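Chemist: Put chain B on the given structure of chain A with help from the hints.
In the order they appear, the protein sequences are chains A and B.
Taking the numbering used here, the leading residue of the first sequence gets -17, the next gets one more, and so forth.
Taking the numbering used here, the leading residue of the second sequence gets 423, the next gets one more, and so forth.
FYI, nobody ran anything at the bench for these hints, they're computed from the structure.
On a predicted model such as this, the values are computed, not experimentally measured, just so you know.
Treat each hint with caution, since some may be false.
[As the list claims (entries may be wrong)] Taking lysine-lysine pairs in the BS3-like style, the calculated list, with each CA pair at most 30 Å apart, reads:
#	chain 1	residue 1	chain 2	residue 2
1	B	K482	B	K714
2	A	K148	B	K482
3	B	K888	B	K557
4	B	K859	B	K791
5	A	K148	A	K56
6	A	K91	B	K482
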Amino acid sequence: MRKIVLLLPLLAACGGRALMLPAPVETEPPGTDEAKVIVYRDSFRNATKPYAFFDDEELLGFSEVGAWFEVRCKPGQHFFFLHGVSSSGVRATLDAGKTYFLRVDSVPKPFRLQLRLTPIVPGMKEFDRIDDILRGLERREPIDVVLAEFEETRADELEEALARLKTDRIEDCEILSGDAGR
Amino acid sequence: MKSLLVAALVLSAGGAAWAQDWSPLDARSRALGGAGVAFADGRADSLYWNPATLAVGSEKLFDFSTGFSFSLNVYVDSHVTGGLAKDVTHLLDMYDTFDLESLQNNFNSATPTFTAQDVQNVAKVIDSVAHLADKGKGVLTEVGTGFNLRVGPIGLFVHGQANVGALPIVDLSGVGFSSDPAAFFGQMPAAGALTPAAQSLSLAMQGAGLAAGDADKLAFQAQQSLGDAAISDPAFVNAMTILAAGTKPGASTTFYDNPSGVMLRAVAQVEAGISLAVPVLPTLLDVGVSFKEVISETSFTLVTLADKDSEDNLSDRIKDDLTKDNRKRTTKFNMDFGVRGQPFEWLTLGLAARNIIPMDLEFAGPGGKIHMDPQVRFGAMLRPINLLRLGVDVDLMENESPVLPGYTIRHFGAGAEINLSVLKIRVGYDDNLAFSKDHGRLCAGLGLDFFGYLIIDLGVQASLTKTEIQAAKVDGSDDARTIPSDRVSAGVSIGVNLPF
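Isolated chain B (complex conformation):
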């Protein structure tokens, strides 16, 4: 036990690794807060969490008397992190309401006619763009399915999981306020008295090459539009500084055409393999391993904010990028490993490592590859009375999502199962300890176990945190729209157990 704790501490001390979310494949674990390693008990589903559970019930090596079972699983999971949907809709609304395309033409004109209000509106857009790329902000969608077959201590499996992350991209490098700075700043109203925050912003823009008077004018309008707190925010200061540096006569890229937007990154993986478990000390300590081939497909597309005005066939381009033009396939061998111990009747401990060989996946997007590291999870289950099981899972490593860089994951899941003869009632709680903006999810589910042979499970998870998916319209024509949860998921499993 001491060595297990030491291993846990060593692993915990490391930084974030890159890995897919270790999602509950089966509906039972989904209902139990994702505590799949804790509750892995020899059902066919369990080999996904810990291959050592294939030795549950074994009294000797290659004990096939433990029976035959298989299961089919399907699930979906949708997750909005950090309010991206609200921010994007707000930005697109501002592009429309302020007619940014026309405004940019006005900014670029040799004889501009824009007003102070126009400059202040653009400051609002810049502020929103600057905060689009806050760490971990995005949308994650995941679907998965699996087939598991157990024949005594041997398992066969095929698991398919697809993750799509919508990742905001802010790229203002080389972008300027206007292609005709002299006319632009000539039209801009004179600055009033600058607050200390505005002075500081002005100095930052002067450092990037703007004349003091021009920087003061811009800083003044930004302060009038957003207030002192917003213009002191490092993200906004950084954006304004980059735009100041890019504001040169004849600049080819101006703010409206900036390539900021949303990148869709997708990873779909199918893993197929064979598992084997050995009862090292039967009924007390089991060890298992899975050998598998992992076929990964990656793809990406970038949709800029200006694309919505300039492209009629945007949806076709997105589809082509994701399914054809930017699609890459990688096939790698990998392994899972697990240990399971039951020192007392009322206590089961599990330690499982998934994808223990680091993988580099071909990727057509930035970086040229997607790296994936191993994942390690510990689970413990208590059975204080026969009717009740309580379990906890925790990731020993912090993982960073390969489809949503910046979004870190360390699962903590807890669940309780009331084990009646036919009906199984499950509740749980699932949380991400590594990302403070994530909210815990309540989990629930039912299982029906007909004579111990046919099993049907349903499981759902939902956070109880409302999230805005559309900001209120700038012109007041529409209110904000919210949905009751920033993460929802559901799964269903069907399994069959037959004794030999």
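Okay, chain A solo, but in the shape it has when bound:
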């Protein structure tokens, strides 16, 4: 038994470390010179796998099941990009002072899971219920060191995936227009 107890810290050290940290639920509205984007994942599928979320080539955070995080961006054109077992993108135009919502989920396709990044826009039921949805999830925030390390170690793979999305699959990437915020 003593040996087992001694082994526990070793076993714990073998595990993966946290990619995101819990954060206070309260959040400031976007300023007049910025837009806020909230990325949330309420789908249960593949709960153990986090997916990396980028604004073009810049890694902004990891989407985890049952959690949301926010990013603040300059107004204007952006290409948001989700990467994991597959990739998905959103072509966004952000207006200053507005908050936008992106849902992360996945669609089971034959022998491969297809990740999906979906803009939640006015007219959708989720848009009307978004505050309730977020209340049921935990807010997280990224860890800068982890982001940097991930970008560095996966640079080639990420560059290739982003390039493929922007060229071969650009038409599959949904559009988030400026007036879709609130």
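Modeler: Showing chain B alone in chain A's frame:
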């Protein structure tokens, strides 16, 4: 879903197949009522229940990011069905108390001296022997151990399970009451007024060849000893009829020497193989298969009731029969197959088939082989809240035990798991829908999950039905002995999970 239900109905419509009990190998499933298919969730243990669970967490073909895990399991299970222990001890007690060996010599003598009470005592012994072979009556003991290794979607395993069944055998063919019928019936007191039940018994024995007067004498004494209800029982009538037919001058086998007793049938199996799962629709539908080599060893021995008087080295003979003289080995290739679906966050469905290629095992005992058919089980798990999982398993086929013929099995198991961060609390209920004399078992267990890497599980099952393992002594010198449960089992598992 509709096709799944149709398949279930088709399979359910069939008769009993021969198959080993699909016992919970891991302590977690044992604590959850044996609902292993329902709760199979990607742990290394799960591949025993459903190889499709190796694809849990897979996002693509050959996704090794799901990690590495292994588990070790050990369990024991002991089960008394239909009160065999009580019946055998009662019979042996009667053999001793009535001094059946001397009594039989008296019955065979040309100048017998036995009394009416002696005949009535023998009637009691015959009644007990006749009921020894009621369907499914016996004792089952099982031990098992297993090692499972999961590396992403691939599993390796070695499982060992040994079953021993103690099966009562009643064989009165060619056996008579006495080797000197004329002297025997001459000594027997005259019959009094026969009740309708005794008349009916007498007629049955006359049909087997006894003279009317002799049959009346025997029927009268049997009625005096056992009463009308017992002598009308078909098993008793059948036994008396066979004995009547065997009662001939110079008969070589008389009742005391009848070869009835208990047969021990044993099947030990070691299966080793490799499993692979494919995420057909990742996170929604997984399919898995196991390829394995099954090494089976069978053996048997027969211990007659009279053996206890005639053999000094009975235990040595039993040991030699089971381990050397009557031992046969068969090696066969076989496969398991499984499907797992998770249509909603709160619902997981599993369908698993075990040993899908029917096997004939070499057997030195009666029949020359032991046949084993596939088993099919359906499981469903609900997760109404994150902390709680509820699962149900049911066998879609009724199986007959190869070590205890007549004992049919169709498991129904239900369990609940409270999933705290380190501590897992489990309760369950396990029942056999195919054998009415079986009693449901309450199940419980604890799991300790240290940081998600080291897992220790304990599980126990016990029926809450007292069972008599020794009948009260005929001479009143000792009371009946009972144990609080007719089936108990316990298991322990240790597992390690490491992410890549």
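Chemist: Each hint needs a verdict: does it hold in this structure or not?
Modeler: Hints versus structure:
no. : hint            : verdict
1   : K482/B / K714/B : 25 Å, holds
2   : K148/A / K482/B : 23 Å, holds
3   : K888/B / K557/B : 20 Å, holds
4   : K859/B / K791/B : 28 Å, holds
5   : K148/A / K56/A  : 21 Å, holds
6   : K91/A / K482/B  : 9 Å, holds
Violated hints: none; the structure is consistent with every hint.
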